[in-house]
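Trainee: The lines below spell out each chain.
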Amino acid sequence: MTSQPGTLETFQNAHINQGGEVEKRKAFPRTQIPANTFGFQETTTGIDVFGSRLKAWTSSSVTVFGATFLVTVDSFVNYPVIGDSITIAGSSQAGLNGTFIVTGVTGNEVIFNNVNGVAFGSYTDAITLSLVFPAPISYIQLVNPTGANMTGVLSSTYFNNTPFAVTTWDNGDVLAFYGTEQLKDFTTGLQNDITPNPYTMAEDLVTQINATGLYTAAITTALVNLTVQVTGGSAGATYSVDYDFNRQVVLTPNLTTNIAEIAIAVAYTTSLNATATAIAAAITAATDSYVGGPGTNLGFTAVAAGSIITITSPVGINAGDVLITVVTGTGVLYVPPISTSFSVSSISSQSTTNPFSVATVLDNIGLTYQLVSNGTLATAPSSAVGQVTLITGTSNASATGVITVSGTNFVPNATLTLGGTTYTATTVLTGTANEFLIASTAALTLANLVSAINASAGSGSTYSINTVANTSASAAAVSGSATTLTATKGGTQGNTIVLTTTSANVTLTPFAGGGPDTNQITQITVGGVNLLAAYVVFDGTVNQTVNDIVAAINAFQGTSGYTASAIAGVISLVAKNTGASYNQALISVTSAGDVCFANCYFLVTGTGNISGITANGTALMTATITFQSSGFTTETLAGFCGRVVANINANTGTSKYLACNTGNQINISSAIVASNQVPVDIEVTATMSIASAATNALAAVPSASTVNFYIEAVPSANSTILYTQNNPNSVLMNVTGGTPPYKYAWSTTAQPQTINIVGAPAATMPVATPQVSSIYSNNQWWSITFTYRAGGSASGTQVWFCTVTDSSVNSSGNPNTVIVPIYLTYNFAF
Amino acid sequence: MPTNVPYLNTTVPPSGGANAFAGQGQEYLFTLTMSGTGGEATIILTSQTTGIQTQIGFGNVTGINFTYCLTFSNKVYGLAGGTVYISAINDPTTWNNPNALGNGFLTLSNWWGTPETLLAMSPYQGRLVFFSRRTTQIWLTDPNLENWELIQVLTNIGTLAPLSVQALGDLDVLFLSDTGIRSLRVRDNTLNAFVTDVGSPVDTLIQTALLAGNYGAACSIVEPQENRYWCYLNGTIYVFSFFPSNKISAWGSYLPTYPNDLTASASVYPGGGTVTYTTVIGRSYFLTLGEHDHALVDGNNSYTTSRSFFATTTTMVLTGIPTDTVTAVLEEQTPFVPSKFVVYSGQVYARDTNAYYLYGGTTNNQFDGTIAVAQTAWLDLKTPGTRKTAEGLDSAFSGAWQFFGSMDWQGVANGASLDSIIAQPINYETFQLGEYSWSSDGYHITLKANSSGNGPCVLSSLVFHYQENQEK
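Chains as they are written, first to last, in our numbering: chain X, 822 to 1651; chain P, 914 to 1385.
Each hint should be verified, as a subset may be incorrect.
Said to hold, decoys possible - Facing chain P, a subset of chain X residues (Cβ under 7 Å, in silico):
hint	residue
1	P850
2	Q853
3	E863
4	I1388
As the list claims (entries may be wrong) - Some, not all, of what chain P presents toward chain X, calculated at C-beta under 8 Å:
hint	residue
5	L983
6	T984
7	T1007
8	I1161
9	Y1167
10	G1259
11	Y1262
12	D1281
13	V1371
14	S1373
The hints are simulated quantities; they were obtained by calculation from the structure and are not laboratory data.
Since we're looking at a predicted model, the values are computed, not measured.
C-beta: ideal position from N, C-alpha, C; glycine also.
Between the sequences and the hints, there should be enough to build the whole structure, so can you do that?
Mentor: This is the structure in structure tokens:
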């Protein structure tokens, strides 16, 4: 157009293009969208519309009538509507699968035109019906928790690939959604109850608090006080107070309805106060007026103070269950309950009380709060620890083998394997471990091999310097052309020690003769659970045997649930799972042969015999054993004691006791030592001299699970088990590791005792509560005094605890600490 | 006398095992009282070990119903009353959390004396502009609400239709106000909307349309292909073409109609050889005649060739060969009412109740039989006192057009029709082929061009030839 601006008076369905020309607009072709959808929100993948209607249905019933077919959908609400485009799938009739337009709907029966001419009939296929939305339209189905239907979208936007929509509903709700998630921030805290009251509000707040997961809350009481205030009226006016509440069963068990009602009508009397008093009396006396009700008093009590009537509901009825209406003749006044209470507490973590502070924002609502209780610290769980102590034992017979050489000497590189070690003959020692030097003769070379096996004299000259003693066996000095090998460990296990050679001049006699495994720890049980997969033989020494037991227990921990550790002869048994349920579980140790777990021994001297030993009256011996101190069968005291032990052990099956001797000391022990065993009274009848020795107090057991450093606490060598009245005994706390000096805090759950610190400075510490000592160094002696009343007798075991703290500062800013239980056994007779 | 020998049982049953104790937190007792029939309570619990605040009860948006929401700068904003609410950063589900960064609200009505309900908002030059009916506030926002800064308050200008607010990039915002369509940029720079605002040429039309009410349902969009601003208001889409480099700033209009092929009274011509269509007077139709069809009669008009036209009757009669199928297609431009426009994949989609309308169709180049109409005002050709004698008309265009004209403004004002300069739509230009002759005379002239057909139509040039007579 070659015209001035404003030239055009009418300009319709066209626009001016960039060349200044008049250009007709393009078309707006129409595409149907299913009804009852709302909004129009562009996204990166299409355009979203929203609604509450279903978008898919299922059905198992299709009936073809001829020109139409009818599908009965399974849904009971939100059926398809006329005009919907529906895709049907899953029908056995091909002509019923596809996309069809809904032509009629009656209830959940949906009618389509039979455009494909499917034959008349009823079909019970499991079919699906899907509402068709034309691309690029996507349908977002939103759900109102009340079941209401969506009526529109107020506004929408798009955030992070998800629509945000504010929607309206036919029940008046306005709900915001992000995707399909209804945003609780817009509704949480709302009470749409037409008669809100503090109780329902408190319930709502409690629900919100508990939903945080950080705090817990609960309504504190079910007893609700209600107050009605009479504020007006005139002579002749009539007040009535109605109560409707959910019936409690205890009140009206005979009613078939769950609603009860009491109603009173009180005429205005001389004053408001007098009227209030009359109303209160009527309320207290009111009975159920519900038609068909029992007419019993429902338990409300009312008291008037001035014009204020305070009504107390029966226990078990909540404010939310009560509706009060006060009718004055001209209208109904709702009077809510005045107040209700709820409590809030924080959920503490394992390490803190997590206290909190409170701030409030209030509008027309009063809220007060008060601190009810401070928090308490969380504590970590711990494992129960028990113990058994191996006192003494005797090894079983060891297996032996023999190496014999002929007159021919070893040749270089000839080898001999003993257990897991292979020894190599050589003419020049290279420093490689387990070489032995070829000497001038076969016997001398064999002697060098013996030195190598024992790692005895000759290191670096007759055998290589890096050689260590063989762990399986030792070798005797060469006798002639042979040496005898003895298994390091006694018992049948030595019979399987590997003994092979490549040297042609060597003849080997395999290991044999070990055992039998008579002296063994047969089983250890805690609470009936076996800790050993197989017996453990006594292995030379107490310490070695204890180590073997610990290894066996730990190897079986996956089955038993217990681990073990040992200090000296004391084995600590630790439950792998924490908790108090393991405390006081029965510990039982079964042993056989010369293995003693009970600590009982005496020394035999002089001459004569031992005619009997009894344990709680049970005879352990079957004959009198006489010491052969002279004559042809002269024996040593050790030999004599060995015969006594043999006699006792031969009778173990009957007596259930066994014994072991070391020199002239005889140890006695029950074959099954259990933690619930009754005290045992051992009596020895002899013409020889019998000296009963004091028994050491039990060793203390470090609580290994809590130590950051190692503290060894052992009893003193001369502390005694037999505590007598007012007789102090001592324990030596031998602490190593950590950072000295240490502090000691003693306590016990036993009845108050007295503990004396022996050493400078001396002090006496009562132990009713844990008491902390001054700082002391290592190897601290502690004297423990029992102060039982005089007369009578007592026996048992007490647990004392010594908390040892060092002077370090660990990563948590605290010193290292270990709690050492000390088990003190006493047996008083006074 | 037997010798007693002490016997010590060395087994010690397990002890020291302890269950975990979770501890007990601090506990408060709350007592709620209510003197009236309602109110609000908000409780904030602050952990003294973590500092985390937990808000219980009535929150920022509890019970709030947004009337408008917008995504801007990794947050969602919502308007309700005189307050803007902001979600937490990158979390549009969080609005009440005192621990979350960014969420909160600001009551904008507190920043200007006359409280007004906020209706819409839009990004604008890195800021946010909030529209009320008669006030517009421009804010510089910040993740911390305390740092929001009110940049400018524009009084006596606002919007009455939330969906009419459209940002043109980040530099301008167009919106429907009580006086017409306005540009925020112009207002911001000059504070004078009356003579320079882009909407001024159509102010009269807009103000007339506003009188019909329902202006709150107006909606707009920026068509992405050539960045035209569309604003739908009461039956018309007002279209603003703005190409500064070509010095083009022009308004046009679209009628929101979609092509709707009507169904004849019968699909086969009966013995009389006529079928009918039910039509609406004033709507445009596009007729395509087939091999069995003779003519379509619309009142006094009879169309024997395919063409576009405006209906003059409610029943049109189509004649054809008896017993043959009806092969004609009569496409009606049926109105629809856009409730919202969106742009997806570079095209404008409009929605009404149960349908959407895609401008340009799936090819983005689909045309229909709608009739584009361009008519000049009464022009004096700068010699209002000189009588002119028309001689002819030249035009350059594509597609098919029909031209009308008149030099008798008084007659037209009294109901006379314009002269058909060309009896039928033509599809060729005249500069090469010779002008169309037209005999008329008068002091003023109006010319009108109607497009025809269902293809694209562009009118490039229209030249009126006339002879000046003596001055009056």
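Trainee: Restraint: E863 (chain X) near chain P, CB-CB cut 7 Å. Satisfied or not?
Mentor: With a closest approach of 4 Å, the E863 (chain X) hint holds.
Trainee: Can the hint on L983 (chain P) be confirmed by a CB-to-CB distance to chain X that is less than 8 Å?
Mentor: 5 Å, holds
Trainee: Hint validation: V1371 (chain P) versus chain X, beta carbon distance must be below 8 Å. Holds or violated?
Mentor: 5 Å, holds
Trainee: Does the closest beta carbon of chain P sit nearer than 7 Å to the beta carbon of P850 (chain X)?
Mentor: Because about 5 Å separates P850 (chain X) from the closest Cβ in chain P, which is inside the 7 Å limit, the hint holds.
Trainee: Can you verify the interface hint for T1007 (chain P): is its Cβ closer than 8 Å to any Cβ in chain X?
Mentor: Interface hint status for T1007 (chain P): holds (7 Å vs cutoff 8 Å).
Trainee: Double-check T984 (chain P) for me: the hint is only fine if its C-beta lies closer than 8 Å to a C-beta in chain X.
Mentor: 5 Å, holds
Trainee: Is the hint on I1388 (chain X) kept, meaning its closest Cβ partner in chain P is under 7 Å away?
Mentor: Interface hint status for I1388 (chain X): violated (14 Å vs cutoff 7 Å).
Trainee: Is the interface hint for G1259 (chain P) satisfied, with its Cβ closer than 8 Å to some Cβ of chain X?
Mentor: 11 Å, violated
Trainee: Can you verify the interface hint for S1373 (chain P): is its Cβ closer than 8 Å to any Cβ in chain X?
Mentor: 5 Å, holds
Trainee: Going by Cβ atoms only, is I1161 (chain P) closer than 8 Å to chain X?
Mentor: With a minimum Cβ separation of about 6 Å from chain X (threshold 8 Å), the hint on I1161 (chain P) holds.
Trainee: Tell me if Y1167 (chain P) is really an interface residue toward chain X, meaning its C-beta lies closer than 8 Å to one of theirs.
Mentor: 5 Å, holds
Trainee: Min Cβ distance, D1281 (chain P) to chain X: is it shorter than 8 Å?
Mentor: The hint holds - D1281 (chain P) has a Cβ within 8 Å of chain X, the shortest such distance being about 4 Å.
In this structure, the hints that do not hold are numbers 4, 10, in rising order.
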